[in-house]
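Engineer: Below are the chains, spelled out letter by letter.
Protein chains: 2
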Amino acid sequence: MTEFTTSLAAFAAGPVTTSQQARIVTSLSVLDWIAVGRAGADEPVSQAVRDLILGEGGAEQAHLFGGGAAPLRGTALVNGTVSHALDYDDTHFAHIGHPSVAILPAALALSEWDDRILVDFLEAALVGMEVSIRVGLWLGRDHYQAGFHQTATSGAFGAAVAAGRVLKFDVDQMRKVLGLTATRAAGLKAQFGTMGKPYNAGLAASAGVEAALLVAGGFEPNADALEGQYGFAATHKGIADSAAALEGLGEEWLFESVSHKFHACCHGLHAALEAARDLDIAEPEVAEITVNTHPRWMSVCNQMSPTTGLGAKFSYRTVIAMQALGYDTALPGSYSEKTCADPRLKSLRDRISVEADETLSETQAHLTLLRRDGARPEATHDLLAPMTLSDREDRVRGKAAKLIGAEDADAIWSMLRTGGRARDLSKMLAG
Amino acid sequence: MTEFTTSLAAFAAGPVTTSQQARIVTSLSVLDWIAVGRAGADEPVSQAVRDLILGEGGAEQAHLFGGGAAPLRGTALVNGTVSHALDYDDTHFAHIGHPSVAILPAALALSEWDDRILVDFLEAALVGMEVSIRVGLWLGRDHYQAGFHQTATSGAFGAAVAAGRVLKFDVDQMRKVLGLTATRAAGLKAQFGTMGKPYNAGLAASAGVEAALLVAGGFEPNADALEGQYGFAATHKGIADSAAALEGLGEEWLFESVSHKFHACCHGLHAALEAARDLDIAEPEVAEITVNTHPRWMSVCNQMSPTTGLGAKFSYRTVIAMQALGYDTALPGSYSEKTCADPRLKSLRDRISVEADETLSETQAHLTLLRRDGARPEATHDLLAPMTLSDREDRVRGKAAKLIGAEDADAIWSMLRTGGRARDLSKMLAG
Chain A
354 MTEFTTSLAA FAAGPVTTSQ QARIVTSLSV LDWIAVGRAG ADEPVSQAVR DLILGEGGAE
414 QAHLFGGGAA PLRGTALVNG TVSHALDYDD THFAHIGHPS VAILPAALAL SEWDDRILVD
474 FLEAALVGME VSIRVGLWLG RDHYQAGFHQ TATSGAFGAA VAAGRVLKFD VDQMRKVLGL
534 TATRAAGLKA QFGTMGKPYN AGLAASAGVE AALLVAGGFE PNADALEGQY GFAATHKGIA
594 DSAAALEGLG EEWLFESVSH KFHACCHGLH AALEAARDLD IAEPEVAEIT VNTHPRWMSV
654 CNQMSPTTGL GAKFSYRTVI AMQALGYDTA LPGSYSEKTC ADPRLKSLRD RISVEADETL
714 SETQAHLTLL RRDGARPEAT HDLLAPMTLS DREDRVRGKA AKLIGAEDAD AIWSMLRTGG
774 RARDLSKMLA G
Chain B
354 MTEFTTSLAA FAAGPVTTSQ QARIVTSLSV LDWIAVGRAG ADEPVSQAVR DLILGEGGAE
414 QAHLFGGGAA PLRGTALVNG TVSHALDYDD THFAHIGHPS VAILPAALAL SEWDDRILVD
474 FLEAALVGME VSIRVGLWLG RDHYQAGFHQ TATSGAFGAA VAAGRVLKFD VDQMRKVLGL
534 TATRAAGLKA QFGTMGKPYN AGLAASAGVE AALLVAGGFE PNADALEGQY GFAATHKGIA
594 DSAAALEGLG EEWLFESVSH KFHACCHGLH AALEAARDLD IAEPEVAEIT VNTHPRWMSV
654 CNQMSPTTGL GAKFSYRTVI AMQALGYDTA LPGSYSEKTC ADPRLKSLRD RISVEADETL
714 SETQAHLTLL RRDGARPEAT HDLLAPMTLS DREDRVRGKA AKLIGAEDAD AIWSMLRTGG
774 RARDLSKMLA G
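From first to last, the protein sequence lines stand for chains A and B.
Positions 354 to 784 (this note's numbering) are the ones given, in order, by the first sequence.
Positions 354 to 784 (this note's numbering) are the ones given, in order, by the second sequence.
Chain A on its own, in the form it takes in the complex:
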C-alpha cells in the first residue's frame, strides 16, 4: 500500500478535530461560494453547461446555481463551472488553487441528496478542501508550472474525498476513491482566459462525485494509482513530496489560510487595491499615484488604458482610479466599457504609474500617493497578512450582501452558523 494515499485516506475517513478558525473560515467560504455562484449564473459559460445538463433531464437529486435541479454528477459539473465563471471565488496560495469551486459542489450535492445536516456537510467540505490542498502541495509547484490547473487536478481528489465522507466511506473506500480519481483528474492552464477555465472546476467536482458513487456501488479500481512509477504524480509532473504534504495533517488545517477575493478583478491587483484602501484614497486630493508590484504581474494585469470591462479587470491603473473615484470594485458590473470611458477616470488614470519591484513578493504591493497638498503617504499590503476572523467575516458578509442582497446573505450565514439541513442551504443556490 502506498503511504501518501493511505495517510490521506485514514485522515479522510476518521474522526477529525476541527478548530474554530477552520469551521468559521469554511462557513465563510460557503457563503462566499454561494454569492459568487449566484452572481455568475448568467455568464455565457454558465448557460452553456446548464443547458447541457438540464437538456439531459433526470432525477432532481440536487439544486443548481441559477435554479432547477439535476442528477448529482451533472449538478457538480454545473455548480463547479458556474461558481468559477467570474473567477471571484476563494484562493489558496500554498496550493495554487481555488478550493471551494471544486469541492463544495460535490460536498453539497451529496449532502442534499443524502439529506444530511449542515454540520456534516461543512465537515465533509473542510476535509475535502484540506485534502485538495495537501494533494496540491504534494504535486507541488512543478505540476502547476508544467501547465496543470491545480484547481482541477488536486480539486478532483478533494471533491472525491468530500463526496466519500458524506457517504461515510471507510479507509479502504477512501483509498479506492483516490485511486480511481487518479485516472480521471485533468485540467490544463492552457484554458485560462477562456470558458475552459471555469469548466475545469466543474470537471473536478463532477469527477469526484462520479468516482465516489462508483466506489459506493462496488467499483474496484487500483487504489494506488495516485502514487508509484506510473501513478498520477509521476505522469503529471508532480514532485510527490509526501513528508512535506502530510506535515501536521489532522492537527493543523491549512485551509484556514485560504484567501477570499474582495474585488471582482484579477488577483494580481488585489494587494494594490487593499493598499489604496489602507490609504483611503479619494480622487480630489490625488496628484499622482505610484504602484509598485512584483515583476510577474507586469505581464498579467498591467493593461495601460483598457476600453472594455474585461480589460479593466487586468489593469492596475484602471482599478486604482476606479476605487479613488468611488466605483465599487467588489461588484462585477463596475468593470465596464462605460467605466473605461468615464473622462474623470481617464484623467486620473494618466496620473498613475506602475513599476516592477523585485523586493516585493507576489502577494505584496506598495502604493505611494502624492497628494495635491504635497503630502506623500505610503502603504504596503500583503494578501497573506493575517486578518482577524471578525474582519474577515465582516468583509465576506459585506461582499455577499453586495452580490446577492443583505437578506439572503444574512439568511445563509445564519443557517451556516446555527445549523439546519443541507437541502435548505442548497435551495439558496437558485437566487
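Don't read these hints as lab results, they were simulated from the structure.
Heads up, the list lumps identical chains together, so a pair's fine if it works in one copy or across two of them.
In silico SDA-like links for lysine to any residue, alpha-carbon gap of 20 Å or less: (1) Lys699 to Ala635; (2) Lys691 to Leu678; (3) Lys521 to Ala401.
Could you slot chain B onto chain A? The hints should help.
Structural biologist: Coordinates of chain B only, in the frame set by chain A:
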C-alpha cells in the same frame, strides 16, 4: 493557429474519400464491438457503471448495452466501459490503443439521437477512429510508456471528432472540440488489471460527447490547447511529431490495419494461438510443443499453471492446450476454473514449454510441435500479416455469431452493409 490541430480539423470537417477496405473494416469493427459489448454486459464493471447512469434517469437519448437508454453522455460512458470489459475488442498496434471502444459509443449515440442513417454513422466513426490513431501516433510511444492509456487519451479526441462530425461541425468547431477535449482527456495504465481499465474507455467516449455538445451549444474554449508549450502533448509526455502523424492523412486510412481479437484472452497469446491453428494441432498426436515468443510477453502472459479463468487468459501453456483439446478459445466462458482443472489439460500443459526469443517481434510467435510419430512441423505467425478482407469478414462474423448468435450477427452485418437508420442498429445493443 496550431498546425496539427488545424490539419486534423480540416480533415475531420471536410469531405472524405473512403476506401472499400476502410469501409468494410469499419463495419467489421462495429459488428465486433456490438458482439463483445453484449458479451460483456453482465461483467461487474458493466453493472457498476450501468447502475450509476440508469440511477440518474433522464432523457432516453440513446440505447445502452444490456438494455435501456440514457442521455448521450451517460450512454457513452456505459457503452465504452461495457464494450471494453472483456478486453476482447479491436486493437491498433501503431497507435497502441483500442479505437472502437472509445469512438463507436460516441458516434453511435449521437447518430441515434440525431436520427442519422448508418452511412453517416459509419463515416463519422471511421473519421473519429482515424483521428484517434493520428493523435496516438502524434503523442507517440513515449506517452504510452510514461503511463498514459492511449485508448483513453487519444480516444477522447477521436470520440470528440466523431461526435462533432455527426453534428456537422465546421473546421472552426472541430478545432474547438479538439482544444476543449485537451483539458479533459485522461486515463492511466496504472488501472490495468482492474475495473479502471474499461472505465478509461468509457471516460474517453463520454468526454468526447460532452465536448462536442458543449461546442455545439456555443462553448468557447482555447482551440489550441492540444499543442504548444502548455498543451496536452507537452504536459502529457507526448512527442508531438506532426509530420509523421499527418503523413497521408485523407489519402491513406491507417484504421484499415486495425486488428480484431479472435481469442478471448490476452493479446500477447494470439500469435501463438494462430500458429497453433495453422498447424491444426489436436491433442492425441502431441508429444511436445515449444512456443517461442517476444521476451516482453514472458512477464505479461506466461503464467505456468493457473487455476482460475482469469489466470488462464494470461497463460501460453493453458491456451495452447485448450486449443489442442478442442476448447473454443473465442468464447470467454471457455476460460474457467473447471477448464484449468481438466486432467487432460493439465497433462498436456506439462508437455508445453515457452521460450523467450529476441528474434521475434511483439506480434510474432513461433510454434514447434513434436508429434508422437516423430514429425516436427513448425509455424510462425505474425498478427500484422495481411489478412484478406474475405478471411477477416469470415472470422469476425464467426466470432460475433459465437458471442451473440448467428441470427443477430447476420442481422447486424446485413444492416451495416445494406443501410438503414442508426437507431435500428442501436437497438441491437440490448441483446
